[in-house]
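Visitor: Spelled out, the chains give:
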Amino acid sequence: MRVAFFVVLLAGAIFYSYVAYADLNFLTRTGRPGPGFFPRLIGTAAIIFTLWTLVEELRKAERERTDPRKWKDVVILMALACSYAVLLKLFGGFVATVIFLGATLMLLNRAQPIKNVLVATLVPSGVYLLFDRVLNANMPPALFELPI
Amino acid sequence: MELTKTLGRRMLGAACAAAIAAPLAVATPAIAQSYPSADETLDWTIAFGPGGGNDIMARSIIEILNKYDLYDGEISAENRAGGSGAVGWGYLYGQDGNAYGISTTSGSFVTTPLQADTPWQPESFTPVALLATDDLVLVVNGDSEIDTIDEFIANAKANPTNIGGTGSVNVDFIVPTLFAEKAGFEFDYVSFNSMSEQTTALLSNALDAMVGNPGEILGLIESGDLKPLVFSGQTTPAALEGVPTMGSIGFDIGVSMPRGLILAPNAPAEAQEWWINTMKEVVQTPEWGEYISSNTLTPTVLYGEDFRQFLVNTKNGFEVVLREVGAID
Amino acid sequence: MDIFADLMMGLSVAISPINILYLLIGAIVGMIVGVIPGFGPSAGLAILLPVTFGMDPIGAIMMLAAIYYGAMYGGTITSILLNTPGESATVASTFDGFPLAKNGRAGPALVMQAAASFVGGTVGVILITILAPLFSQVSRSFGPPEYFLLAVMGMLTLLVMIGSNWKLGVISALIGFALGTVGVDLETGQGRYTFGSAELIGGIYFIPIAIGLFGLGELFYAFYNGLHKTGTGGIVQYDNEERFWPTAQDWLSTRMTMVRGSVLGFVVGVIPGAGATIASLMAYSTERSLSKNSENFGKGEMAGLVAPETANNAASSGAMIPLLTLGIPGSASTAVLLAAFIMWGLRPGPLFMEQNPEFAWGLIASMYLGNMALLAISIFAIPLFVQIIKVPYRMLAPCIVVVCALGTFSVHASFVETYLMFAAGIVGFFMRLYGFSPAALVLALVLGPLAEEALRQTMTISRGSFSIFVERTPSLWIIGVTLTLIVLLPMLNRFGKPKVDQPAKADG
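Protein chains in written order, with full-length UniProt numbering: chain P, 1 to 148; chain X, 1 to 329; chain C, 1 to 508.
Some hints could be false.
In silico lysine-lysine, DSSO-like type, Cα no more than 30 Å apart, as pairs [claimed, not checked]: (1) Lys390/C to Lys115/P; (2) Lys89/P to Lys167/C; (3) Lys299/C to Lys89/P; (4) Lys102/C to Lys115/P; (5) Lys70/P to Lys229/C; (6) Lys115/P to Lys70/P; (7) Lys70/P to Lys167/C; (8) Lys157/X to Lys182/X; (9) Lys167/C to Lys60/P; (10) Lys299/C to Lys115/P; (11) Lys102/C to Lys70/P; (12) Lys227/X to Lys182/X; (13) Lys89/P to Lys102/C; (14) Lys390/C to Lys229/C; (15) Lys292/C to Lys72/P; (16) Lys390/C to Lys72/P; (17) Lys292/C to Lys70/P; (18) Lys390/C to Lys102/C.
Chain X residues, not near chain C, derived (Cβ > 10 Å throughout) [unchecked claim]: (19) Pro36; (20) Leu42; (21) Leu65; (22) Gly97; (23) Ser144; (24) Glu151; (25) Phe173; (26) Lys227; (27) Pro265; (28) Asn266; (29) Glu270; (30) Lys280; (31) Val282.
Treat the hints as calculated values from the structure; they're not laboratory data. Keep in mind it's a predicted model, so treat the numbers as computed, not measured. All C-beta atoms in this analysis are idealised placements derived from N, C-alpha and C, irrespective of residue type, glycine included.
Make the full structure from the sequences, and use the hints.
Guide: Right under this line is the structure:
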């Protein structure tokens, strides 16, 4: 996992540098630092440092041993959070929040279904009242209105 | 083969257009009689957050419409901010043909499509009216030895000069660039993130001069900390009395930021006409005069197609200058 | 000029039942707005500005100012309890605030932050009252060369935050710098890493990254450690009655921190564009390098919470100086206040205080009252807020996700920023897990663009010559202070170290 994270970082650094070298000028026409000046420095340094740590990581004789059970809940929560992000775009702030809270609480807090339903409806209502009615702040608008 | 294909497509297109146009032709008289219908809520998009220039303008107009009972139905103003206006105007662009979608424009209306791949262009919308323009004043530090625009130009021809402004794909950059071209001097443009950073830079003598909206620096001009040299609009506002305009010294640049009103693309002609007539009343009210003077705008009024032409000219002018310096490709 | 008479006149304007009511409403609304992650003072002000359209200007400005510094008080509460900064200026408060709460000292941490905010805010207003003209000279002497040097000085604090594994710390900072280059290049107008998206024209905003890295990252990390199965998100349960008040030791050990934080915060706040975020980060790292317990920073050191808190409140007062004396807003929040001034037909500028003494001094006087009111409100509200951590974590965690997401969205109504927040949350989790430094990333994201823009502006102005940095007096001052800090601080630390190592170990 650790190695994978470094590889992802390295890929990001390479992509960042590629754009910096391909699209952005190092100097302006008058010979002063241009839009690509700092991106090229940052990108190059990032590649060097991630490569360095990656090599060190690979050389380590012993591999980290992770407990898959530790990962299970984090991955589930991350997946739920990501689907919440998608739901926000589709159904708007209120409905998405009800669905997300309902689903997540049902998974995490199976013992108290009634409490879960209450939280999943009261929290979004409270947030809606506070944001939309009291503060007149932006709530994510729905792409599709649900018939409720 | 290729030819017949295109031809076929064209004919199909024409047939479709006719099919769509037919029901529209029947529908329009109904709108003419009843626009604006009291049952329809006017959906007013403000493409920026609360408190900004665009927001204040939209809310000022709505206040006048309400006060003089110029609009029968309900008006719902929504701030749809994001992407330098791309979100809000994109929302209005999506309401093709709707008579009840409206929005106010500002500088980003011209510059955002030049910078990003927006599906819309300034001329895509149904123009109602240009109501005012944001113009700039060129100022130097109050301690400066330069007192007039002629001295400034003479000095800039002899010595390297820099001028500060806010942003780069922006009227702040275009105005001094065009002015310098006409007046025949060269300068280095220094772009800042905000008016406040550029003003302190000028006060600290790091800059030789800067351009800015007069409204934001009137206090400093009044106290003598900044010296106004020339104004980019057609007429000098009262607060800057005695300052020449670029036109009056023979270097008219013909560019300014449009503050106007637009409807969704292809809005019914009746709706456009109704709004043009209504705005003619709005600009006569004392409240509108107050808005213009407290925000130090230049009242420049153009209606309908003239406004569209103005937008096209402004956009083309910007594009030429920005392409020249390589800001856009 | 008789300052005292002016202030009394201001007080007489400010103290009317209706104005006090506006002040209290503003303070409470400000606190609520500050508590919601994402909503900073500037967002809160902008949203509530239309409400004041029809009000009397003095009452309205009192309410708006109260929202402004009320948000500064409220912003820390979630930093301490949930590791989620309410706004950018309270990121530094998470570094030691959250560990304090984890150690079972949530009550004392919240009381101390309210006290620190009060001290910072009040010292700030006192400095405005007596030294406004002097400090207005400071805010008008900053050009691009000085901003560049200031950013470099701020970057020294990166060294402090880089953490135990320096290579990972450097990578963290590089990620921050890289994110900072996204957006339309200020100088040339060329898009950098925007890929045609209109939402990225303005660059990557600091708030979604900070909320994601700290708030969501911490939450995922707590799940990784199975805290949702045990109860309370790693925060030790504590008894509200017994351990609510800070100990005498807390007060004594932080009294000089408050003084330093207030002065540093105020001075940084006076500089337009630098602001409360940089002030709080600088105060944190200064305090850490001065402290005899520097190894305890990040693990729940009271001084590490007090320093950024006094600094960000003092800075928010300091930002009033350029606004009142020059008509130049020093921060996003004061820019909204400036818009309000103009709307009421006032003309901010150097003559503003002379021409509108009632208004200006009424505002200043109301800031004294507001800070007192907020201290009282905070102390009363703390027991309520502390209830949050008594909610079982498995129920609280999904609600935190909701508040982070909706709070982020509300700032610019941007889905892109909301997605960025979620992405930053996942990255933040891995950064924590593998020993990176989210703090270094955030600091680099703030300082990187400032340094780059200022350097390139400077190079344009000086036509490529570096001598401009030694030709300007303010630049020389900053270079002097920076060198003093670099040379002097390690020496001071070396003197202090051997004596202190023993008790620190015994404590742990």
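Visitor: Now, for every hint given, state plainly whether the structure supports it.
Guide: Checked hints:
no.: 1; hint: Lys390/C to Lys115/P; verdict: holds, 16 Å
no.: 2; hint: Lys89/P to Lys167/C; verdict: violated, 38 Å
no.: 3; hint: Lys299/C to Lys89/P; verdict: violated, 39 Å
no.: 4; hint: Lys102/C to Lys115/P; verdict: holds, 26 Å
no.: 5; hint: Lys70/P to Lys229/C; verdict: holds, 11 Å
no.: 6; hint: Lys115/P to Lys70/P; verdict: holds, 26 Å
no.: 7; hint: Lys70/P to Lys167/C; verdict: holds, 27 Å
no.: 8; hint: Lys157/X to Lys182/X; verdict: holds, 13 Å
no.: 9; hint: Lys167/C to Lys60/P; verdict: holds, 16 Å
no.: 10; hint: Lys299/C to Lys115/P; verdict: violated, 35 Å
no.: 11; hint: Lys102/C to Lys70/P; verdict: holds, 21 Å
no.: 12; hint: Lys227/X to Lys182/X; verdict: holds, 22 Å
no.: 13; hint: Lys89/P to Lys102/C; verdict: violated, 35 Å
no.: 14; hint: Lys390/C to Lys229/C; verdict: holds, 14 Å
no.: 15; hint: Lys292/C to Lys72/P; verdict: violated, 42 Å
no.: 16; hint: Lys390/C to Lys72/P; verdict: holds, 25 Å
no.: 17; hint: Lys292/C to Lys70/P; verdict: violated, 38 Å
no.: 18; hint: Lys390/C to Lys102/C; verdict: holds, 13 Å
no.: 19; hint: Pro36; verdict: holds, 24 Å
no.: 20; hint: Leu42; verdict: holds, 18 Å
no.: 21; hint: Leu65; verdict: holds, 15 Å
no.: 22; hint: Gly97; verdict: holds, 24 Å
no.: 23; hint: Ser144; verdict: holds, 15 Å
no.: 24; hint: Glu151; verdict: holds, 21 Å
no.: 25; hint: Phe173; verdict: violated, 7 Å
no.: 26; hint: Lys227; verdict: holds, 14 Å
no.: 27; hint: Pro265; verdict: holds, 18 Å
no.: 28; hint: Asn266; verdict: holds, 23 Å
no.: 29; hint: Glu270; verdict: holds, 32 Å
no.: 30; hint: Lys280; verdict: holds, 26 Å
no.: 31; hint: Val282; verdict: holds, 18 Å
The earlier numbered hints that this structure contradicts are 2, 3, 10, 13, 15, 17, 25.
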